[in-house]
Amino acid sequence: TSSRYCDIVFVIILLRDNMRFRNSLGEEMRKLIYENINTQKLLRIACLLLADIVIINLSAVAALLLRFELSPAQASEAGFMSSVISYMWLNTLVTVIIFWIFGLYNSLWEFAGVHELVRIALASACSGAAVWFGMLLSGLPVPRSYPFIYILVLFVAASFPRFIYRLLRNPVSYTHLRA
Numbered sequence: 077t078s079s080r081y082c083d084i085v086f087v088i089i090l091l092r093d094n095m096r097f098r099n100s101l102g103e104e105m106r107k108l109i110y111e112n113i114n115t116q117k118l119l120r121i122a123c124l125l126l127a128d129i130v131i132i133n134l135s136a137v138a139a140l141l142l143r144f145e146l147s148p149a150q151a152s153e154a155g156f157m158s159s160v161i162s163y164m165w166l167n168t169l170v171t172v173i174i175f176w177i178f179g180l181y182n183s184l185w186e187f188a189g190v191h192e193l194v195r196i197a198l199a200s201a202c203s204g205a206a207v208w209f210g211m212l213l214s215g216l217p218v219p220r221s222y223p224f225i226y227i228l229v230l231f232v233a234a235s236f237p238r239f240i241y242r243l244l245r246n247p248v249s250y251t252h253l254r255a
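Sequence positions in the sequence shown follow our numbering and run 77 to 255.
Read the hints as simulated data drawn from the structure, not as lab findings.
A virtual CB, placed ideally from N, CA and C, is assigned to each residue, including glycine.
Treat the hints with caution; some may be incorrect.
[Claimed, not checked] Label-pair ranges, simulated between beta-carbon atoms:
(1) E153 x G189: 40 to 48 angstroms
(2) R195 x C123: 26 to 34 angstroms
(3) E153 x K117: 21 to 29 angstroms
(4) W165 x P217: 35 to 43 angstroms
(5) L228 x Q116: 18 to 26 angstroms
(6) L198 x L244: 22 to 30 angstroms
(7) L193 x L216: 37 to 45 angstroms
(8) L125 x Q150: 30 to 38 angstroms
(9) H191 x L244: 15 to 23 angstroms
(10) L243 x I129: 21 to 29 angstroms
(11) I240 x Q116: 30 to 38 angstroms
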């Protein structure tokens, strides 16, 4: 029985040491996680994500209105406005995911240039293709030209806040052009 008692004490000691190790490891992990979170970057991503959600939805409606020469009555009478509005939530979700895949939320926009414009253009084209395919599968009526107009509107609208951010962060100086 004394060997069993020693075994039990040994197991208790091992468990106690293991718990101390686990607690210290948990504290170290918590410190590592909380110290490495960049709150300014998270805030910038959240603001950009919120702006993109608004831009995506406005682009969807604006593309349809441009197709019908800015006449909401014609778009509604044709039944296209209700299609775009009913597909809006899925369009927003898919487009945000596409933007995330193309890295539009993790680049430094104060140095935005041609490379970023190409990524926005490709992401907008993929979003337009997803809209066309999704609405086709859903059986929602939409004009054939709508996805192409949507791609152009989304590209311009998504580029605008990112390059405004660049201009505000790094104003362009034209003093070198003066004679």
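Outcome of the hint check:
1. E153 x G189: 40 to 48 angstroms: Cβ of E153 to Cβ of G189: about 44 angstroms, so the range 40 to 48 angstroms holds.
2. R195 x C123: 26 to 34 angstroms: violated (19 angstroms)
3. E153 x K117: 21 to 29 angstroms: violated (46 angstroms)
4. W165 x P217: 35 to 43 angstroms: Given range 35 to 43 angstroms: violated, Cβ gap about 18 angstroms.
5. L228 x Q116: 18 to 26 angstroms: violated (33 angstroms)
6. L198 x L244: 22 to 30 angstroms: holds (25 angstroms)
7. L193 x L216: 37 to 45 angstroms: violated (31 angstroms)
8. L125 x Q150: 30 to 38 angstroms: holds (33 angstroms)
9. H191 x L244: 15 to 23 angstroms: holds (20 angstroms)
10. L243 x I129: 21 to 29 angstroms: holds (23 angstroms)
11. I240 x Q116: 30 to 38 angstroms: violated (18 angstroms)
Going through the hint list in order, the structure does not satisfy hints 2, 3, 4, 5, 7, 11.
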